[in-house]
Amino acid sequence: MRIEPSLAMVQNLTDRPAYRVSELYRLAGSRATAYRLLGQLVELGFAERQNRGYFSLRSSVFQPYGLWPHLVPSLQSFKNARHFGRAYDESDVNYAKKSLHGFLSLDYRAYELTGLQTTHQYYLCVDNVEETTRLLRRNGFSEGRAGRISITPKTGQFEDEILRVYLDCLAAGGRSTLDAIAIDLRYGDQLKVRGEFPVELVTKVEEDLLIES
Amino acid sequence: MNLDRQAAQIAKDFKQVVFIGAYAATLHGTTRSTRDIDIALATPKTDEALGKLGYQVYQERGKKIVRTPDGIKLDIFTKDNSGIPIREIFATAQTVQRAGATIKIICLEALLLAKLRAGRPQDNDDLKQLCKRRGRDIRWDLVESMAQGPIVVQLRQLVTALA
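Residue numbers (the working numbering), protein chains in the order written: chain Y, 1 to 213; chain C, 1 to 163.
Fair warning: there could be bad hints in the mix.
Stated by the list, open to error - Restraint-style ranges between C-beta atoms, simulated for each label pair:
hint : chain 1 : residue 1 : chain 2 : residue 2 : range
1    : Y       : L13       : C       : R87       : 28 to 38 Å
2    : C       : G29       : Y       : L191      : 42 to 52 Å
3    : Y       : S142      : C       : D137      : 46 to 56 Å
4    : Y       : R2        : C       : Q56       : 19 to 29 Å
5    : Y       : F158      : C       : R87       : 30 to 40 Å
6    : Y       : E90       : C       : W140      : 45 to 55 Å
7    : Y       : L191      : C       : Y58       : 40 to 50 Å
8    : C       : G83       : Y       : P198      : 18 to 28 Å
No lab work stands behind these hints, which were simulated from the structure alone.
Each residue gets a CB set at the ideal place from its N, CA and C atoms; glycine is no exception.
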């Protein structure tokens, strides 16, 4: 997927939960260009349209532009994720742990690697999405937005497990940024690609990791 | 380590305590938190008093660290939380039941204002979730009693965008 260099203009915004599309007009030079660039950011997975002329950005969009190509496979994977739930609690995750096979990433894998944050979404990249979703449906799961089991096709590279989980956390942004920092602190010597983080966040994660070690 | 059980124990140990930060946010509707606990205390506790309760107090890289007897990091606020005075946090706190104990947590409105002021990626993430799930529950009169001006406008915009 092509990443147009002019998209980096979005990094002139500050990291906030939501923005007016009109804020992009000034940066983009015109209303039409702003909407075109926003459309591309949505397509890449960095942006999401919200109500009444607002949009939100993943905090990963503020990572150096040169890192974006490494984040796009994860972002595409998030876009294609399908969410399933049955009881909508930890029992759904327990079922998934026992019955589903694939590449585990984000919350649960980050917790296994670092123990930093509590978990919520069970995010599994699988070879055959249809087969996995059929199995879930046969066992009483329904597809929707609130389900805690997320199934997505494998997109991008999976050979280097730690790197992939790291890039998924980095791309997801928000709270997962803390997981990415924790992985960086614990496994930094194994990472071929590394993000950039504010010092205060790194310090917070360092302090919190000390609790666990 | 079960944070609810930790919170119940902290409430028993400190009596006049309100839970703030990410743990309180999970009780208002966010999904994840780090494994530390932030609390507001009506009156500061000395290191000696904390020690008597079994809490560990020590310096690490020039910063005072407090841990519960089970090793959970405890961040204690005694003046304000992101600009919201502690007395206001106590006056507007909500009561919930966790792990068989009654505990007080920061109200939704104060939590949103604190997170909006903090502005870190995890705070923005929590704000998105809270505005989506709880945006319609916000008591705007309470928000306006705690803050005025651009921050209230910003919060209204967020709710419009996300709720």
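Tested hints:
Range check, L13(Y) to R87(C): Cβ separation about 36 Å, and the 28 to 38 Å hint holds. At about 33 Å, the beta-carbon gap between G29(C) and L191(Y) misses the expected band of 42 to 52 Å. Judged by the Cβ atoms, the range 46 to 56 Å given for S142(Y) and D137(C) is violated: they are separated by roughly 26 Å. Checked against the hint of 19 to 29 Å, the pair R2(Y) and Q56(C) fails, with Cβ atoms roughly 54 Å apart.
At roughly 53 Å, the beta-carbon separation of F158(Y) and R87(C) lies outside the given 30 to 40 Å, and the hint is violated. Evaluation of the 45 to 55 Å hint for E90(Y) and W140(C) yields a failure: the beta carbon distance comes to about 35 Å. Checked against the given bound of 40 to 50 Å, the beta carbons of L191(Y) and Y58(C), roughly 31 Å apart, lie outside it. At about 20 Å, the CB distance of G83(C) to P198(Y) agrees with the hint of 18 to 28 Å.
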